[in-house]
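Participant: The lines below spell out each chain.
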Amino acid sequence: MSILTVSLSPHIHSQESIPRLMYGVILALLPALAVSVFYFGIGMLIITGSAVLSCITFEYLIQKYLLKTKPSHLDGSAAVTGLLLAFCLPSNLPVWMVITGSLAAIGIGKMTFGGLGNNPFNPALVGRVFLFISFPAAMTSYPEPGQWLSYLDAATGATPLSTLSENLANNIKISEIMTGMPSVLDLFLGKMLGSSGEVAAFALLIGLIFMLWRKIITWHIPLTILLTVFIFTASLNLANPEKFAPPLFHLLTGGLMLGAIYMATDYVTSPMARKGMLIYAVGIGIITVLIRTFGAYPEGVQFAILIMNGFTPLINKYVKPKRFGEVKNG
Amino acid sequence: MIKTFTMGGVHPRENKLSAKKGIIPLPLSSTVIIPVSQHTGAPARILVNKGDKVRTGQLIAEATGFVSANIHSSCSGTVLKTDSFIDSTGYRRMAVNIQVEGDEWIEGINRSTELIKDFSLSSGELINRIKECGLVGMGGAAFPSHVKLTVPQGKKAEYLVINGVECEPYLTSDHALILEKGPEIIVGTRILMKALQVNKAIIGIENNKPDAIEYLTGLAAMEKGITVMALKVKYPQGGEKQLISALLGRQVPSGGLPIDVGVVAFNAGTVFAVYEAIQKNKPLIERVVTVTGKSLSSPSNFLVRIGTSVQTLIEAAGGLPEETGKVINGGPMMGKALNSLEVPVIKGTSGILVLPSSESGRNTPVNCIRCAKCIGVCPMGLEPYLLMSLAEKELFERCEDEKIMDCIECGSCSYTCPSSRPLLDYIRLGKNKVSLIMRARKN
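Chain order of the listed sequences is A and B.
For reference, each letter of the first sequence is one residue, going 3 to 332 in the working numbering.
For reference, each letter of the second sequence is one residue, going -3 to 439 in the working numbering.
Since the hints were made in silico from the structure, they are not lab data.
One thing to keep in mind: the hints can contain errors.
No farther apart than 27 Å at their CA atoms in a straight line, the calculated lysine-lysine pairs in the DSS-like style are these [stated by the list, open to error]:
hint : chain 1 : residue 1 : chain 2 : residue 2
1    : B       : LYS332    : B       : LYS438
2    : A       : LYS319    : B       : LYS113
3    : B       : LYS429    : A       : LYS324
4    : B       : LYS230    : A       : LYS277
5    : B       : LYS332    : B       : LYS276
6    : A       : LYS322    : B       : LYS429
7    : B       : LYS17     : A       : LYS217
8    : B       : LYS(-1)   : A       : LYS277
9    : A       : LYS324    : B       : LYS113
10   : B       : LYS399    : B       : LYS429
11   : B       : LYS230    : A       : LYS324
12   : A       : LYS245    : A       : LYS277
13   : A       : LYS72     : B       : LYS389
14   : B       : LYS(-1)   : A       : LYS324
15   : A       : LYS322    : B       : LYS113
16   : A       : LYS324    : B       : LYS196
17   : B       : LYS77     : A       : LYS319
18   : B       : LYS399    : A       : LYS322
19   : A       : LYS277    : B       : LYS228
20   : A       : LYS322    : B       : LYS16
21   : A       : LYS324    : B       : LYS399
22   : A       : LYS277    : B       : LYS399
23   : B       : LYS196    : A       : LYS217
24   : B       : LYS228    : B       : LYS(-1)
25   : B       : LYS230    : A       : LYS217
26   : B       : LYS220    : B       : LYS196
27   : B       : LYS16     : B       : LYS399
28   : B       : LYS230    : B       : LYS399
29   : B       : LYS77     : A       : LYS322
30   : A       : LYS319    : B       : LYS399
31   : A       : LYS277    : A       : LYS217
32   : A       : LYS70     : B       : LYS389
33   : B       : LYS228    : B       : LYS17
34   : B       : LYS(-1)   : B       : LYS16
35   : A       : LYS217    : A       : LYS70
36   : B       : LYS399    : B       : LYS438
Since this is a predicted model, take the numbers as computed values, not measurements.
Produce the entire structure from the sequences given, and follow the hints as far as they go.
Facilitator: Printed below as a string of structure tokens:
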């Protein structure tokens, strides 16, 4: 007779795994990647390739030689970090800067804390902010879309959000500023300047639908962020339409879609309970709008997410899911 | 809209291999081992000695105390010994080993299959007869039925809930029983309604069993106060608290019992046993057991005498396949893995599941990535990831604050975890320690 295995229940598993989830996120990012390659051509391919490869390599090297643990560089999480980092960089950034950013993302953002599952801040955003502070000029010169074969030499310009903030600083009215802006449809399709992967709202939304369908994430964080930004900017806009840009403009520009759908939803750095997710998401929405409209930077999504990442342990501690049987029955 | 419970839940593959199979009575084996602790509560006290002749249906061990149950012989023959035997828990427990010599029943048991609809006993007499016959919950927990039927002072039963959900993958014993013994189950329901003095009963069945829903709905249409409700498939809907939440929208309070929300719940198999106890005077000596597994040549539903070995059941379903890695008493989500096939079928055995060795292992656990899927699937609104790490760090007081004792051990968290973490293993450990702490505090 064969020897029987004795273990505790449950005896079956959903076969969900970290690689399956991570490669699901990568699949969800592919439409946006395709659109970005369409707009930014070879530059997009170079920075994406170098970011993904260097993130995976750094993860492997650090795990194998510094931490001396079994490398898990192919579980998909390093690739996701690389992709997301590339998506929030301008497509004309030199490769060495991309690699430096990847080292900051994986090394400082992830591995110092003990690897996947233990990092308090979103690694890709740590990488991006590191680059943003280290190389402010390179990180704020964005190439015009449509120059497929240009990389470092691409002609650059200002993003809609920086145009907005500069013009507002010069006391120009919103109605005048908006005449020079791309139409809402163009914004939706991503025909604007910006970080390489953040422009195409529609492609990012396709990814959102895919991730919701595959149950990789729930609606709570992305939809609440978008709704909060919409309500906040709409009320500002209603209060003073000449000083505050319309809500759709805010929703479709900058890194909001990318941040709300792919970065704020990072498992490790977002709260666990549904109610906690809502608080976190509202916080991100409010801080984003505050930075955009009242702060010194034209864009604030990455800071908003990092700030709320910092609140996540506190939210987890105090915001508990509703327990079964907690409500007194009438 | 079709109902289900609102909080958490998962959708494991159903794999109801024996769903379209009728109930086959299994011939008596040569010996039976009848444990005296088949139920929640105190073990029964053995009344027979080595060498005694017993007959089928004879009382061989009597309940000791209120939360305990009588045990009857499931065959006629000679008592070989009363000794400790390995049971489905893996521990040695006292049992009566009987050499089977024919099938001679004691007098007074009606063995015909004729449907008897009318009964005249009072509520107290019904409960007493149910107690005499050794009835326990047949869904798995094996809680003595007479205890459930005795409503504590100050509480009032309003609804009788009949559990025909059978949400565990693979298992089909209740489904088969409903299809074959529908009228008896309806009579059993009426008996329980009278015993509890309620005038409303709801039978909950998941809509992956449309034939059972249709059949019982037709039968219940002629009865006053009995409704059949189809439920959307979701595990663990067969959990008492989840079922009550799905059917009535009431949440049993933390640490409480269904009676706290005016409900008493019974499994469909128990209801049939109630019918037989009252109308046929038949003690609980046999039950329907699903024997199943993808590698078995003929997964089946057997009518089995209590005390028959698992080995006998598996042989009847085509024999133990090569490359078998695990044999489970119960379903894949909550069942217990057996370490021996000599283990007997008891009152709470609803199925025997055979898994090939390729499906018997576990994935290697990795870091928690805080995906919160365990929170999303927990039907009790707990935080399994937190309970596991608290139990791991031996912070048992905090486990208690985080409501670890509310866990129903459905396994949805471990099932879902993408990092394959042994969440429920640690939660069980925590529950064990917390219940010791709670008991120590009381004393």
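Participant: All hints, please: hold or fail.
Facilitator: A quick look at each hint next to the structure:
no.: 1; hint: B:LYS332 with B:LYS438; result: violated, 31 Å
no.: 2; hint: A:LYS319 with B:LYS113; result: violated, 58 Å
no.: 3; hint: B:LYS429 with A:LYS324; result: holds, 24 Å
no.: 4; hint: B:LYS230 with A:LYS277; result: holds, 23 Å
no.: 5; hint: B:LYS332 with B:LYS276; result: violated, 33 Å
no.: 6; hint: A:LYS322 with B:LYS429; result: holds, 23 Å
no.: 7; hint: B:LYS17 with A:LYS217; result: violated, 35 Å
no.: 8; hint: B:LYS(-1) with A:LYS277; result: holds, 24 Å
no.: 9; hint: A:LYS324 with B:LYS113; result: violated, 45 Å
no.: 10; hint: B:LYS399 with B:LYS429; result: holds, 13 Å
no.: 11; hint: B:LYS230 with A:LYS324; result: holds, 20 Å
no.: 12; hint: A:LYS245 with A:LYS277; result: violated, 34 Å
no.: 13; hint: A:LYS72 with B:LYS389; result: holds, 24 Å
no.: 14; hint: B:LYS(-1) with A:LYS324; result: holds, 20 Å
no.: 15; hint: A:LYS322 with B:LYS113; result: violated, 51 Å
no.: 16; hint: A:LYS324 with B:LYS196; result: violated, 30 Å
no.: 17; hint: B:LYS77 with A:LYS319; result: violated, 57 Å
no.: 18; hint: B:LYS399 with A:LYS322; result: holds, 11 Å
no.: 19; hint: A:LYS277 with B:LYS228; result: holds, 26 Å
no.: 20; hint: A:LYS322 with B:LYS16; result: violated, 44 Å
no.: 21; hint: A:LYS324 with B:LYS399; result: holds, 11 Å
no.: 22; hint: A:LYS277 with B:LYS399; result: holds, 18 Å
no.: 23; hint: B:LYS196 with A:LYS217; result: violated, 39 Å
no.: 24; hint: B:LYS228 with B:LYS(-1); result: holds, 6 Å
no.: 25; hint: B:LYS230 with A:LYS217; result: holds, 16 Å
no.: 26; hint: B:LYS220 with B:LYS196; result: holds, 8 Å
no.: 27; hint: B:LYS16 with B:LYS399; result: violated, 41 Å
no.: 28; hint: B:LYS230 with B:LYS399; result: holds, 23 Å
no.: 29; hint: B:LYS77 with A:LYS322; result: violated, 55 Å
no.: 30; hint: A:LYS319 with B:LYS399; result: holds, 15 Å
no.: 31; hint: A:LYS277 with A:LYS217; result: holds, 18 Å
no.: 32; hint: A:LYS70 with B:LYS389; result: holds, 25 Å
no.: 33; hint: B:LYS228 with B:LYS17; result: holds, 23 Å
no.: 34; hint: B:LYS(-1) with B:LYS16; result: holds, 25 Å
no.: 35; hint: A:LYS217 with A:LYS70; result: violated, 34 Å
no.: 36; hint: B:LYS399 with B:LYS438; result: holds, 18 Å
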